[in-house]
Structures are given as structure tokens and as C-alpha cells.
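Protein chains: 6
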Amino acid sequence: MSKLTHLDDKGEARMVDVGAKSVTEREARAEGVIRMSPNTLSMIIEGEHPKGDVLAVARVAGIMAAKKTHDLIPLCHSLNLSSVKVELTPGDDNQSINVHARCKLSGQTGVEMEALTAVSVAALTLYDMCKAVDRGMIIDGIRLLEKKGGRSGHWSASESPS
Amino acid sequence: MSKLTHLDDKGEARMVDVGAKSVTEREARAEGVIRMSPNTLSMIIEGEHPKGDVLAVARVAGIMAAKKTHDLIPLCHSLNLSSVKVELTPGDDNQSINVHARCKLSGQTGVEMEALTAVSVAALTLYDMCKAVDRGMIIDGIRLLEKKGGRSGHWSASESPS
Amino acid sequence: MSKLTHLDDKGEARMVDVGAKSVTEREARAEGVIRMSPNTLSMIIEGEHPKGDVLAVARVAGIMAAKKTHDLIPLCHSLNLSSVKVELTPGDDNQSINVHARCKLSGQTGVEMEALTAVSVAALTLYDMCKAVDRGMIIDGIRLLEKKGGRSGHWSASESPS
Amino acid sequence: MSKLTHLDDKGEARMVDVGAKSVTEREARAEGVIRMSPNTLSMIIEGEHPKGDVLAVARVAGIMAAKKTHDLIPLCHSLNLSSVKVELTPGDDNQSINVHARCKLSGQTGVEMEALTAVSVAALTLYDMCKAVDRGMIIDGIRLLEKKGGRSGHWSASESPS
Amino acid sequence: MSKLTHLDDKGEARMVDVGAKSVTEREARAEGVIRMSPNTLSMIIEGEHPKGDVLAVARVAGIMAAKKTHDLIPLCHSLNLSSVKVELTPGDDNQSINVHARCKLSGQTGVEMEALTAVSVAALTLYDMCKAVDRGMIIDGIRLLEKKGGRSGHWSASESPS
Amino acid sequence: MSKLTHLDDKGEARMVDVGAKSVTEREARAEGVIRMSPNTLSMIIEGEHPKGDVLAVARVAGIMAAKKTHDLIPLCHSLNLSSVKVELTPGDDNQSINVHARCKLSGQTGVEMEALTAVSVAALTLYDMCKAVDRGMIIDGIRLLEKKGGRSGHWSASESPS
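Residue numbers (my numbering), protein chains in the order written: chain A, 1 to 162; chain B, 163 to 324; chain C, 325 to 486; chain D, 487 to 648; chain E, 649 to 810; chain F, 811 to 972.
Just so you know, nobody snuck in bad clues.
Beyond 12 Å from chain F on every Cβ pair, some chain B residues (computed):
1) K165
2) T167
3) D170
4) E174
5) A182
6) T186
7) P200
8) N201
9) S204
10) E208
11) T251
12) Q257
13) H262
14) S268
15) K310
16) S320
No more than 27 Å apart at the CA atoms, straight line, and that leaves these computed lysine-lysine pairs for DSSO-like:
17) F:K878 - A:K68
18) C:K345 - E:K796
19) A:K148 - D:K507
20) D:K554 - F:K831
21) C:K392 - B:K172
For the record, the hints were derived by calculation from the structure and aren't laboratory data.
Just so you know, even glycine gets a beta-carbon here, dropped at the ideal spot from N, CA and C.
Using the sequences and the hints, build the whole thing.
Structure, rendered in C-alpha cells:
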């Protein structure tokens, strides 16, 4: 049976030793969604064009958070991402914004947590900027979509959970 | 119509001026859930008892993240929380862990973002520690449950979204 | 003769004791300019409208940097700003962007350094985003414009230096 | 025509993908100057010798800031500098201090921003320590002097901007 | 019997609620020592005068670390210190440097951890700068000397532990 | 005679240039002890089993601090540790906890400071969580035990200092 690699035999937390892993190109993509009232969405965008800095601020927050992942997630290795991209797309339901992040690295550890952290913080930033008009927003479906590289190879979320 | 307070008249981002707000006791509670396979949950807990440091590490990560909120969310004010509590409870469905956070402050701004950030980072930390055995975990339902204090007074999420 | 308050009698650095200062409303405004080629400016704005995220990213960077001032400037006190505003305005010469920042606090220390840091980092961020097309940009004239509040009262830069 | 590489086709900010760049030795040098009254300069140095910790504190602040560059400039890659040197030299005009920084890296991205950030923060630190006696100090002429390494090769500022 | 206040009834870590504590003037002093070879000490100081930046750098590091305490110690409250002073004194034995720190705050929590952290990081910084010539240095006797303010009142270390 | 490598010829601090050093596997182990009353120790552990999160929180704090070393120690290079392990063991004297840390890196600089910082912060965290019941705790004997890799090769502390 698989074990939790972040715990040693006594169940104590440790930062896993990746020194023996090979340096390969790694990539991860994650997504999430923030649900809001149609009115809130229309305050952020008008037609297909943003009306102010809201989406730009959330993109920047997601990118910067990816770089801080090791400072937030206790057992994550610090690493030097070679690329981060955060995309925010209004949902077809006119009451949500989809958040997508892709991170890349040439290194010894995967970048799943960096992509998931970028998504989470971009969504939280949208919440922050809109909370004065809509406290009931909900952040849903934060998950890994795909990872490439490393010993465990390619992994892809089979299908959407909802 | 309400406006997005984090943007000025030109739609440009700013940190809202809270200098005229009164110092009051403020509190916010937020929640979220991380869904996983039953097997993953049983690796974390056995009966009602945790088998290792997993839950303790996630609690610490959530508490520390609450203190970093202003460094993650670009337009959040920095503030000195008077209390942070993060609770992790295995779900009745035996395939999830519920995350709950409560933050308090005596100050001029609400602490909703601090509670939501604590929930998000605690959930991400659980993902990190279990991802080697379960990449398909999903973080869902991150939302504000209640806030108290400040000019807008008491707010409570009417009912569970799912 | 005045002395450097950040040094003790032996010339050793210390964080000045502000415990006896009164809590008052404090405000500081600072400015600077980044000079660039006309071509670079036209890549950032078109007419009076920005063509992309460049100005928004620089505004966010300036705001976030104001919150980090105590972590950058060794002897600065950490404090909880009540307001930060960063404005970027294309220069009349069509080859520069003026950076202006205003910070506010209700507290025991002035916020000059926060305003100056916001200006500096917003300008550096503009440099970063445009450096691939214009390495010769120069950041000039970073200075305090005005401060209010505190024992030393109001101070205003008499006139523009250039 | 060159484009701003930090924006994608939609004008949205991203962290540029450097994964395909080769690892080479990179170096950047930057400079700036802080102008002050002759009296202020004489408080910092006496003859050619510093009277206290002022210059040492500013040097340390510049070095530490170089390491934080990716945390300040939103789209900068995090990286592991192999060397940082900050030099502070009283100006021949007896009313200024010149700030010079040199950063080195063996990696996939240039270190121009690290050198410029070191200069900026060292100058801001000097401002902080002397502001009680001289609020009118001005930071001028922050610019890149030279860069080496990477695909774009060697670049040198042609001449001083005065 | 006293209980560990940082754990709740289930033994789970939390950030203690200080919201009901009164705002008072608080102060803490801590000390420690780093033992080294006489040769190493003479490289740092000559007679009573430092030969280079070593002591200044360690002082700055201690002061900056005091401001970061809440980011290092998971359950510490973030707070805005009103004063930090770090003193480094060569020991009478000619083979040690004594480190002393004093922190002050007007607030709801004590500042013992800030003083202890300042001492620890100043000592670690001395180790770093001298390790190339003396890897056998030892940091000893880090302890609280005195605290004032707050409900528990004045506390003083009765005598030196030797 | 050896010189302090962190100072240049003028005695000014710099971050040493490690660009010419070879990339090798590096490892460092450090230790320290926190002395407390027997009653305090029994509050943390009962028999051989911890009663709550105390040891887990201190382990996490030590691991996270190792990753922040370059942000605490001014002249330390930032680096990407491949492994961190912190162990806390009750002392045979029933009135202390021994702290041990081991850090690994494949890189150009040693990781002694990372191991020493992990030990220091884990010990400070224990102090923090127990200080309400035992302010007289003392942190002693923080020292390097062993280092491997790099030009200077293997080094081992000859024997225990006390």
C-alpha cells in the first residue's frame, strides 16, 4: 500500500528528500471557479471587456502566490519556476469566473502545488475585491488538471467532477 | 447601485482608505472541504485518531497563512489578528475533511479574507501531503460563514450551497 | 546640531523608540519618474488608454511594496497602513511615466518610507516589464512631496528639483 | 516591432517562460545616487571614514533586497544569486552618495532587476536613516549600467545621463 | 495545574485569543552568547574597535528578525514593535560575543519571543560570517532576562545559569 | 592567515561569489537543546507519547525556517534545499528536549546555516508554546555537528562541548 511520503516511520512530518530525483521538465495545470451573482460579474466585466483592474489584480496575485508556495505549504520545496500563467475567464453561466493556472519548472520536484496555489489565491483575490457587494461568493472545484514530467510521468484528471 | 470599492473612479486598483472606520471587535468564520478517496482519509486518521502529523501540519499552515493574508491578497490591509483557530474534521461521508477557520481582530477592517485564506491554505496543505497517493482530491465550497463587527454589522451565510 | 536618530551614542543602528509618540493621523505623498523612449511609452498606452496590464501590474506592485516596507528598510517600524494609492501618469514629454504614491496611517510613526517605497517599486516594475525593448530607461527624482501629522507636523517639498 | 514580452496576445500579464533559455553566467551592474545637503553627508562620514553604522546598514539592506526581488517585482522569476555586492561612495560634490550594485547568477534569466532593486533599496535606506535631519533628499539616476550573458549578450549604457 | 495555552482541549494548536487583554506598555530583554576561538574574535574586533561590518550586519539581522518573529514562530501574534535594540559585546574571556536584545510594544501581547528571536538571529549571523574560519562556534544560553507589562506583570530571571 | 570571506578588503559586507564553486551534494547536521523544568516536559509528552501538537508545531517551524534562512541571515545565498528533517527528542535528564536538524542540497554553497536556523527556530517555537508555564527555559549548545560536500570537504564536531 502506498504511504504518505511526507511522514517518516514515526508519523512525523519532514520535507521529502528529492536529491536523488532527476532534473526534468515539469509542468502542472490546475483550475477552480468562483461563483458569484450575475450582478457581481457584470461589475467586473462588460460584454467581454473588463471595466477596471479587477482581473489584472487577480492575475498578478495568482502569479505572485505561485512564487510563494514554499512559504505557505510547510513541506513544499522552494524552487525557481520557469513560467507561470494565470487565466481568468467569465463562465458561460454568467455568474462565475473560471480560474486556470499553468506552472513550469526544470527541476527535481513537481509543480502541482504551485499551480493549485496560484488558482486559490487568484480566486481569493477576486473574492476580496468584490466582497463589499457580494459576500456569498463561493470558491469551488479547485483541482489538478494535469501534470507532466518526473518519475510518475503524465497524469490527467479523467473528467470534470461535477 | 453598489460599486466595487477597491477601484477608484477610473477603475484603478487602490487599497481602500479605512482611516475613518471605527475600531471595533471583528470576527469572521469560513469553511471549505477537501474531497478525497476513502483510502486517503484512512491514511490520515484511524478511527477518530490521527496517525501522524498530517492534521497538525495543516492546522499550522492555516494559522500561519492567516497572518500572511495581506502579503497574498494585493489590496488587503495588514493587520494584527488577536486570534486564529483552524479546525479539521473528517466528513461523515468518510471521504472528505472539513476545514473551518475563525479569525478575530480589534481593528478597522474585517477579517473575512484572513479566515478564507486560512481555510484555503490548510486545504492545500492537506492536498500536498496526500498527493502522492491521491492526485484527484478536490477542494470545494470555500465560503464565508459569518462575519461580525464593523459598520456593515452581522452577516451570515443563509444556507449550505450544496 | 541635529543627530541621526537611528544611531545611538556609539554610532550603532537601532530601531528608534516611538512608544512615547502620540497616535495621530499621518499621511505622506511621494513621487518619481521613469524616463523611456517615446516608442516604449506608446507600447504601454495608446492615446490615453492603456493597451494591456502594464500599468495595473505596476500599481499593484507599488501597493504591495508599501506593505512590505518594514521588511525592506531595516530600521523601519512595521505598521498597518490605512490607505495606499499609487498613480501612474504618462508625462507631457511623451517619454516618461510619472509615479505618485500616497499612504495614510493612524499611528505613532510617519509613513514617508512607505510612500517612497511604493514609488520606487512601481517604477522598477515598469522597468521590468519594458526592459526587453528599452534597457536605457532611467528612474529619476524619487522624493517626498509632503507629510502630515506627528510631532514634526506638516512638511512640503518647496519646489520641483529639476 | 518588438513587443512587451511580459504581456500575452490579449495584453495580459504573465511570467515569461524561460524554460528554453540556456543556463549561462549572467551579471548586471546598476547605479543611482541620493542627493542630500552637505551637512547630512558630513553626519554620515567624517573625512573618508563613516562615523557609524549608516553605510553598513544600507549595504546590508541592498544585498537583502536583491534576494527579495522576485517577491517585489510581480513578473520576475525567483532565482538563486551567486553574488551580490553593493558599494556606497560619497560623491565628489560633497552632497551625495553614489550607490552601485553588481549581481551575478548562473541561470536562465538576467539579473538586471536584482541589481536595480539593490540600488533602490540601499538608497531608500539611506533616506530613512537621515530623514529626521534632511527630508529633501532626492534619489536620482537609477539605471542599468551593464549586463552580460544570455541570448541578448552584452549591453552597456552608452554614457551618463547627467 | 497550569496548562499549555497554545493548545485547546483536544491538544490542537491555536493562536491564543488576546482580544480581551488590555493594551499596556510591554518590554522584554533577552540574551545569549556565541563562543568562538580567540583568533576568531580578534578578526572581528581589534582592541575595542570593530575592524569591519561584522557587528553592524549582525545587529541589523537581529533587528530585522524581531520584526519577522510572527512569520517564524507559528503561533505568535503579529505586532508592531515600538522599539528594538540589539547589543553585541565581546566577552571578558576574549573568546565570545554576548548578544543582548530589548524589544518594546504598546499592545495586547508580550514581546518575549521577539527579543529571543533577535538574539538568536544575531548570533546565527555572527556564525555565518565567521564560519569559514571557525566552524566550531557554539551558541549558548539563549534566555529571557526580564519582561514587563501585561497581566502577568514583571518577571526577571533570578540568576545566571552559568 | 584566514580572512573573513564575507568582508571585502575594506571590511565591507558582501555576499560571497560562489559562481566558480562546483555543484556537489551537500549536507549539514546541527543540534541544540532547550532546558526546561521536568513539569514542563511532562506537559509536552506523557510517557513517550506527545499529548498534543507541541512537537509537531515545532518540527514544522524548524522546517519552514530552514527555507527562510536566506531571508534571515543577511549574507546567506538563497537556495533550494532538497531535504530538511527536524527531530525533537526528550532528554534523558527528563528536563530538556534535544533538537536535531539535517539539511541537504545539490548546489554551490553549504547548508550549515539552514540546519542551524532550523534548530534555533524549532527551539524558539518550543519556548513560545511553553512560556506561559515556564519562562526560565534556556536554549543551549546550538552548534554544527557535521558537514559534507564542497571544496572544504567533510567536517565533524570532534566532541560534545559540555
